[in-house]
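Using the hints, put the two standalone chains together into the complex.
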Amino acid sequence: MFIQKFFETPPSQMPHRVWWTLVGLAVAIGLLIPRFTEIDVHLDLSIVFIFAILALSMGFLWGFVGMLSFGQTVFFGLGGYTYAVWSLNYNETTFGMILAIFIPVLAAAALGYFMIYGRISSIYFTVTTLVVTIVLEKAVRATSDERFKIGDVMLRGQNGISTVPDLQVPWNHHETLFLTGVYYLAFILMVLSYIGLRLLLTTHFGRVLVSIRENEHRAEMLGYDTRRYRLMAFVISGGLAGLAGGLYGVWGNFVAPEMMNLSSAASLVMYVIVGGKSTLIGPLVGTGIVQQATNWLGTAGLGQVNLILGGVMIIFVMVFPRGVLPSLGTAVTYLLQSRRHLSVQSDVVGKNAQREA
Amino acid sequence: MVRSDYLLETRNLRKSYGGVNAIANVDFKLEFGELRCLIGPNGAGKSTFFKMISGQIPPSAGTVYFDSNNITRSSRHQVSRMGIGIKNQVPDVFDNISVRENIWLAARFRHHEAKGAKIADNVLEQLSLTRLANSLVGELAHGQRQWVEFGMVMALQPQLVLLDEPAAGMTAEETNRTAQLILELNKTSAIVVVEHDMQFIRQIAKKVTVFHQGKILIEDTMQNVQANEMVRDVYLGKSGHA
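Sequence lines, in order, name chains W and U.
In case it helps, our numbering puts the first sequence at residues 1 to 357.
In case it helps, our numbering puts the second sequence at residues 1 to 242.
Excised from the complex, chain U in its bound form (with noise of 0.2 Å):
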């Protein structure tokens, strides 16, 4: 066990495809309880480094901690166990069962039988399924299937929330309330967010992780990010505001 004072860090993470570095030698840090973003442009990384640490690609050299536990070769389930929920860009949902199945089995990890079904019918209430509770997860909306699956990820009431870009597919008025639930849920748990929909990370913003070709570009405040020269030129493009 290594002394990490960081809810999740990596130290010289690294992945390389061929010998071209998708990500070179990355030191990240996450304190307890933050809303971090991470963005950049596409090809910069940031799936990669989301893949690495949410356990579902191994780095090429590197290590990732979680709570001080190295987690750099834990399985998909261990991953999960030890307190992290993971969401990704495609709705990855289990269709042809029922929307309220779907979270009960999240919630079901933990908990017995009936404080189970009691977080499920909460997660529920919370993401306004009830009254499609159910039905089958495969004949709802897509953004609606993304929310199933962010209420799994809320049922798992995990130390840690990995999200893959949540608001991806999402008309505005899905994308506001995304943007509130995941205010919400930072109440209770730490999250990074990779996203590249600007209007969004304004939302939701607090510190900001630009990622470009493989390394961290910048680490600060939206406000201060956005008037970054490097950044608009790698990013936002030369014209500036997005």
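Just chain W, same shape as in the assembly (with noise of 0.2 Å):
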């Protein structure tokens, strides 16, 4: 009845009781975790987490805009870069944090206007997003020399900065975020942009987003300018990847041209379409599933990671085409309705046995 109540509410409406409950419970949960745990487990659990904003923002994209955009890559490559050379620069991250969001949100704005005001079609958005992706590691690798500098901070091409700055308490210069601290910021911003994302699709804008998902020819006939929803919708996300992009590099103190590689585009897809794109809850959890799955297989000395997992996906998607969470919510639908018929039908039994009686 729970997880019923947690999939059934429609998008557009607020959400139920039971979701709260079950989202404030998942909080304390989360909250509670580093009391009873080692450091090397939230430090792995930090970053899922902002893996998990980071595929929140494809999903919402993809799943309630109907945009698939590999271009998410590019706005997490830009934050983390942004907060580094920000950070290294002056010495200060609380508006390097800042700039990582605000420099994605107008790379996404340039980007998305001349490919959604271009009139470009779906797939040729993604096509595009993928490819902006690659050119532009291949272009951040390219600046191995020396000559390659923002302000003082070289950018050392395929070695990445190994030098980003811890994230300072925004009141207290010397004091900055570690281990912990990091698992609780990163924790607490994933639940933000879960529950804000949801909100927000309570709202009108929300709801036209996911009208043009369904038609976007008829939301264009009922008024709506599409393409400004769209861009919209595109910069948000690209505001969110870019997000999670500095989380990573305070995460690992470390950024690099393969944040925005081919395969850190195609795990992203993988993290979503495990999850499921129907609802937000999918791509936090499908990022979960994903990254257990990579440490198991990488410690488990099986060798080929990527080959076995790319068999495993297989297998997910066609065992669970729309993902594992709403392939869960259908299964416990249909086991309660099949229930109640076999009460109904004992019932029936019931009272013929007592009638013949």
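FYI, nobody ran anything at the bench for these hints, they're computed from the structure.
All residues carry an ideal CB built from backbone N, CA and C; glycine is no exception.
Treat the hints with caution; some may be incorrect.
Unchecked claim - Below are the SDA-like pairs computed for lysine to any residue, each with C-alpha atoms no more than 20 Å apart in a straight line:
# : chain 1 : residue 1 : chain 2 : residue 2
1 : U       : 115       : W       : 13
2 : U       : 115       : W       : 14
3 : U       : 118       : W       : 203
4 : U       : 115       : W       : 204
5 : U       : 118       : W       : 205
Unchecked claim - Cβ-Cβ distance ranges computed for the label pairs, FRET-style:
#  : chain 1 : residue 1 : chain 2 : residue 2 : range
6  : U       : 73        : W       : 306       : 49 to 55 Å
7  : U       : 198       : W       : 228       : 41 to 47 Å
8  : W       : 114       : U       : 183       : 46 to 52 Å
9  : W       : 16        : U       : 180       : 36 to 42 Å
10 : W       : 10        : U       : 141       : 19 to 25 Å
11 : W       : 292       : U       : 73        : 54 to 60 Å
So this is what it looks like as structure tokens:
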């Protein structure tokens, strides 16, 4: 019943009480975990949360506006590099983190403007974003030469920047967030992004986005300038990916071109597909599952992690075409209904038996 | 801005595909509040004409004026904002969202939260769709999906409604209901209906425009049009009564 309520409220309506309860419960557990676990667990989970924000940015755009963007890694990388370059130059991180959102927002606005107002079809949108992330990755790789500096910070090409500073507490620059602090920050930002997007879907703006996914032509004929809406959605998700990028820099004290390569872009799609894109919780859960599977395969010593992972993904897509969570929701609904059905049947049988007796 | 005494007027409107004129220099005039039916045999250019006056395809030449505004090159959302509501032949709806949400999205465009919801409820009531308000549109029968789209157009409260074969694929009963709805809607909006179901046209028609080979053949009352020899030849077939 709980899970049913969680899934069945249409996104246009305010989430059900049950939803708030479950989210509250998850938050409580998330905040308590560090007390009962070692630091390596915090470290592992933090990166899951960070990638979950990134996956959320893609899942929102893909699942609710119908735009599959491989370019989320562009904004992820931009966010990471922006944070690194700013905070190394100015030895200040709060504004660096804000810029890590703002610069990707600008980039998304510019890139999105040409794609969306140019009215390229959805498949070309996907391909273009994919090309942009590959081009940007190659471009950053080609900055090994010492001449490539922004301010005093050398970009170092494919070696990446490995001296990215820790995040300072905004009101006290001498105190920085370390491991467990980063865990809390990443967790809270993930939850806020999730709740924020969920609530956004209940607004007029969010509801128009979903209608564009359903039938852009009709949305236009109702008077909505769909290009503006799609651009806004693209910009929001770009900002979110940028935030994830900044956090990634904080987490590993490291940013590198790999943030934007093909493999990053593809694994992001995996997170979203495995979790399911028809809900916002899907990408979060998908990220957790795939990351854990990758870690486990890596330590199990089977070799060929990617090959096995690829095989597992194919099976996943075939067995759960809508992703794990929606399938789970359907399964629960089905079980509940068949149980109700059974109890009705046994009632009837009971009454018949009484009548006969 | 060009003075036009009509709600909708086309001047020399033309659409050609590879040298063939689908619509050839059509001058069409629609009065404020009028209900007009466009008929004609297959390939007469009705749908092409419909798509041009609704801003869905650009004409090769000529102009379309709506309420004295040149809307020839306006985009779809601009056309809608000016007060034209469009319903295409195939149900053009939001399948995976609820009936109420479909109508609400239309009503909310011009109105605030509360007013939008109220208009949506009224439209649902008028269409007898209240019972189905929370169903997904994709799960409804064909006729009901047509009405949902009809409802969206009503919720827009447009000055002009353009309907392309609104009764296509409907049962006799649904067709009657649709005819009533159109007459009801005509109390507040001018309407252009493209249709080839003669039974249906007879129920609603006041003035009828007959298209033939991309041109207007005749414009008259339904009675006169039916009596017209030329029309019988091109449209109803020489045997007469359809």
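Check each numbered hint from earlier against the structure, then list the numbers of those it violates in ascending order.
-> none
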